[in-house]
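*Asks:* This is what each chain is made of:
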Amino acid sequence: MSQVREIETTVDELKHLFSDRAATGETMVLNMGPQHPSTHGVLRLILELDGETVVRCIPDIGYLHTGIEKNMEAKTYLKALVMTDRLDYLNNVGNNLVYCMAIEKLMDVKVPERAQAIRVLMTELQRIASHLVWLGTHAIDMASMSVLLYCFRERERIMDIFEMVSGQRMMTSYIRPGGVWRDLPPGFETVVADFLDYLPAKLDDYERLLTNNPIFKLRTQGIGYISAEEAVRWGLSGPSLRGSGVNYDVRKAMPYSGYEQYEFDVPLETGGDVYSRYRCRMREFRESIKICRQVLAKLPKGPFITGDRKVAPPPRSELGHSMEAVIHHFKLWTEGFSAPRGEVYVATESPRGELGVYLVGDGGPKPVRVHFRTPSFVNLEALSLLGEGYLVADLVAIIGSIDIVLGDVDR
Amino acid sequence: MTHVEKTVAALRARFPDAIEDVIEFRGETTVVIAPPALVEVCAFLRDDPELGYNYLADLAGVDYLPAEPRFAVSYLPYAMAANARLRLKVYLPGDAPEVASVTGVWVNADWHEREAWDMLGIKFNGHPDLRRLLMPADWEGHPHRKDYPLGYEEVQFSFNWREIDARKPYAKD
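Residue numbers (our numbering), protein chains in the order written: chain F, 1 to 411; chain D, 412 to 584.
One should not assume that every hint holds.
Partial selection, computed: residues in chain F whose CB lies under 10 Å from chain D [claimed, not checked]: (1) GLU13; (2) GLU26; (3) LYS105; (4) GLY235; (5) ARG369.
Restricting the straight-line Cα-Cα distance to at most 25 Å, the calculated cross-link-like pairs of lysine-lysine (BS3-like) are [to be verified]: (6) D/LYS500 x F/LYS70; (7) F/LYS75 x F/LYS331; (8) F/LYS70 x F/LYS331; (9) F/LYS366 x D/LYS557; (10) F/LYS298 x F/LYS252; (11) D/LYS557 x F/LYS79; (12) D/LYS534 x F/LYS15.
In short, the hints are calculated from the structure, not lab data. Glycine residues also receive a C-beta, built at the ideal position from the N, C-alpha and C atoms.
I would like the entire structure built from these sequences, with the hints used as guidance.
*Replies:* Given below as structure tokens:
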């Protein structure tokens, strides 16, 4: 017999989320999203409004939940790598990096210097690409259409670089446990150097369009304020935290992949509002360019992936004449490698903040638990605090300023 | 003496009975805590001026099926001034995984705990709003548990109950 499922979420169950005035009809409860152009993905906000003023803002997430963490538990360490690309779809390389670093820490694998430098270069390019998307969408939320078109034009050049390196524009899976998939192609340095020379002048253009634009300033200054203490208390990270003047950048605090060799500043702003977060990211562009230039200048020679055949596959050329290489290749792509029993946490600085992986191994070829500490998830949690007391139109600015990616939130 | 070593020594001195184990692995320190003492330990870590673990970087539940205790919750406080990370871990029984909520200590534990409840069914007592976070409110079961099937299942978003019931027992049974 067919059963009728009860709709179990009653108004009473959600009553505690709103103020008492909602029950009397004095304030209005309004749904924003999940299909809304300025929520940057499938984010649903339940708003309690007093006129235009936000009394309560309750984010409701899960519309893009894909169960990637569970799926990864059913795959070998190597095969699960491709799923990480799909988490934060504006930081694909960074997701690969943090997951590979966790495997390397768990298995105690050394990564060659050249691979580390390539990783830094790729993630910094990815940071520029991600910030370009943020800038474009943030600007279009603030009603300046042209910035979006320019930003995507620039981003396309980075996508071309990724395609040149990995064969893919977005889902690159370029970073592998122990190194990178293959060496940089010929002509790569010139293409990147050209792009790095091209970008600063364009950034100046965007700053001319926005930074001193009176409309943009009116809509962003003093909006979405969060103090330094509150930002730490709520666990914010990345430019959202540094916009409040807290100097915490994983690249400086716990350098990884050789970041300690490069000279760069961590942009700090003290305003704690949307405008400060905007300024932070605009300055981060220039720091990333600085890092990329330094990597290009002293790109070390040598292998691009570890020689440990238990982790990294043998080169194709060896398969034709080495029985051992064939065995290693076969074992890696069928059974996979086994990681020891233990647990590690590795953190990196993604364009949005602290992106960490908590990886638990049990001695077998599949992880017991992969947990992603994603910056968007934690930053979005603070939206209920950030949005209260502002207008609905300001909420759009605030969402843009914490730069969330829903793939990163929901996993 | 590093900050983490200092923390472990302070915890051992202050909570001699609550510290079940201290594990060192790849330069990371995990302190296994007896679940009843968890909130006290966390508050101590945050409030002690010497320690200053003011930032909760991560919180994750783990399902170790078929081991017993089956579940674990892993907390990752970070001391921003001292730049030190520590991992706290509580092990919970498989039949009734329950632990006190640390939302009173670190505010941002809220969503992490809701996620652990939603995905693994670990109950956080004293949590102000323990609803499902990622799955729909009417979802049954906790999909991240090891005994919850991965795929090859009827799409539960469908509302064609008659068709679903004809082919497989209702998800509730």
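*Asks:* All the hints need checking, so say for each whether the structure fits it.
*Replies:* Taking the hints in turn, this is what the structure says about them:
1. GLU13: holds, 8 Å
2. GLU26: It is violated, given that the least Cβ distance between F/GLU26 and chain D is near 23 Å, above 10 Å.
3. LYS105: holds, 5 Å
4. GLY235: holds, 4 Å
5. ARG369: holds, 5 Å
6. D/LYS500 x F/LYS70: With a Cα-Cα distance of about 21 Å, the restraint between D/LYS500 and F/LYS70 holds, given a limit of 25 Å.
7. F/LYS75 x F/LYS331: holds, 15 Å
8. F/LYS70 x F/LYS331: holds, 24 Å
9. F/LYS366 x D/LYS557: Holds, at roughly 13 Å.
10. F/LYS298 x F/LYS252: Holds, because 20 Å separates the two Cα atoms, which is no more than 25 Å.
11. D/LYS557 x F/LYS79: Holds. D/LYS557 to F/LYS79 sits at ~19 Å (cutoff 25 Å).
12. D/LYS534 x F/LYS15: holds, 21 Å
Comparing the model with each earlier hint shows a violation of hint 2 alone; every other hint is respected.
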